[in-house]
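> As a plain string of letters, each chain reads:
There are 2 protein chains.
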Amino acid sequence: MPSPIKFAERVDKNAIENGSGFSPKFGNDGLIPVVTQDRTSGEVLMVAYMNREALHRTIAIKEAVYYSRTRDQLWHKGATSGHIQKVAEMRTDCDQDVILLKVEQVGPGCCHAGYASCFYRKAPLGEEFAATADKGIAQLAFSEEKTYNPDEIY
Amino acid sequence: MPSPIKFAERVDKNAIENGSGFSPKFGNDGLIPVVTQDRTSGEVLMVAYMNREALHRTIAIKEAVYYSRTRDQLWHKGATSGHIQKVAEMRTDCDQDVILLKVEQVGPGCCHAGYASCFYRKAPLGEEFAATADKGIAQLAFSEEKTYNPDEIY
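Sequence lines, in order, name chains A and B. Basically this note's numbering = 1-based index in the first sequence + 2. Basically this note's numbering = 1-based index in the second sequence + 2.
Chain A extracted, bound-state conformation (with noise of 0.2 Å):
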C-alpha cells in the first residue's frame, strides 16, 4: 500500500520560493492551472486545470490526470481516444501557483479540434496587427496542419 500524498502547507513566501516541500496553491475554485509541454521538440501542446485528486492521481499514475471544468470532473486525458500523455516530468514555479508537464503524447496529437498542439494560430503584433485586421479587428493566422480528422475520433 502506497503512502499518502500529502502536500506541504503554505505558510511562508521564502519556504514556497526557496524551500524544497511541495506546497501547491489551489485557486478559489479549488484548481491550480498546469501547461503541458512535449518533452523532446519543447512546443507547448495545452493548459488544463488539476485540482488536488487529479494531481494526485497524476503523480501516482505518471500520466496526465487533469479536472474539466466543463464537465465537472477528473478527466484522465486520452482514456478514451488512447491519446494518453506519459509525464516524464513534473515541475512547480517559484510561488507554485503553476505546474509544468513534460510529457510523451501518444498519438497524433493532444488538441481535440485535430491538431497536435492546441496553440494552432498566431496572433499579429505590432505592425502586422494594421495590415491584417479585417474591419478593425485582429485576426488569427493558421500555424500548423490538422495531424487527425477529430470526426473520427471523439
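Hints are computed from structural coordinates only; laboratory data are not their basis. Please note that a few of the clues may not be correct.
A pair counts as met if it fits within one copy or between any two copies, since identical chains are not told apart.
What the hints assert, rightly or not - Under the rule of at most 30 Å between Cα atoms (straight-line distance), these lysine-lysine pairs were calculated in the DSS-like manner: (1) 27 / 137; (2) 8 / 137; (3) 137 / 64.
Given the coordinates of chain A, assemble chain B onto it according to the supplied hints.
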C-alpha cells in the same frame, strides 16, 4: 495614428475554434493566463496574466506587458530591471482562453528568485514520491542553478 486594436466577439464555439477572428476570453476577473516560452530553447519561462489593456500593449510594442495581480496594475516586464521580453511570436489556443508568447528574454533570467526560468524545481513522480517524501510530505528537487543574484537587481 495606428488603428485601435479590437478583438472579435465570442459568439459561437466553431468560430472561436476554427475561425480567424482573435477573440481572447478574459475571465470573470478580466484576466487571461499567459505562458511565456523562450523562443530558442523552448524552455517555459513563466506563467502570468494579462488584462485587455496589457494584451493591447503587448501587441503594440512587441514586448511582454502583463497585469500584476499582487500590485493590481500593468506590469511591463523588465521596465525596471532591464530584463525585458521581446515577443517574437504570439499564439492562442483552441478555445482562445490562453495566450502563448515566444520571447527573447533579455538579461540573465526572468524569475525574481534568481533563475532563468520560474520552473527551477522538479516534483516527484510515481515511486520517487515515496522515496523522497519527508514525513509523508512531497519534496521538490532543485534542478537549475541560479543565473544571477536577485538582491543586486531588485
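> Does each hint hold? Answer for all of them.
A quick look at each hint next to the structure:
Proximity of residue 27 to residue 137 under the C-alpha cut-off of 30 Å is restricted to the inter-copy arrangement: shortest distance 20 Å between copies versus 42 Å within a copy. Proximity of residue 8 and residue 137 under a CA criterion of 30 Å is satisfied inter-copy only: 9 Å between copies versus 53 Å inside one chain copy. For the homomeric pair residue 137 and residue 64, the shortest alpha-carbon distance between copies (22 Å) is at most 30 Å, but the shortest distance inside one copy (48 Å) is not.
Every hint from the earlier list agrees with this structure, and none is contradicted.
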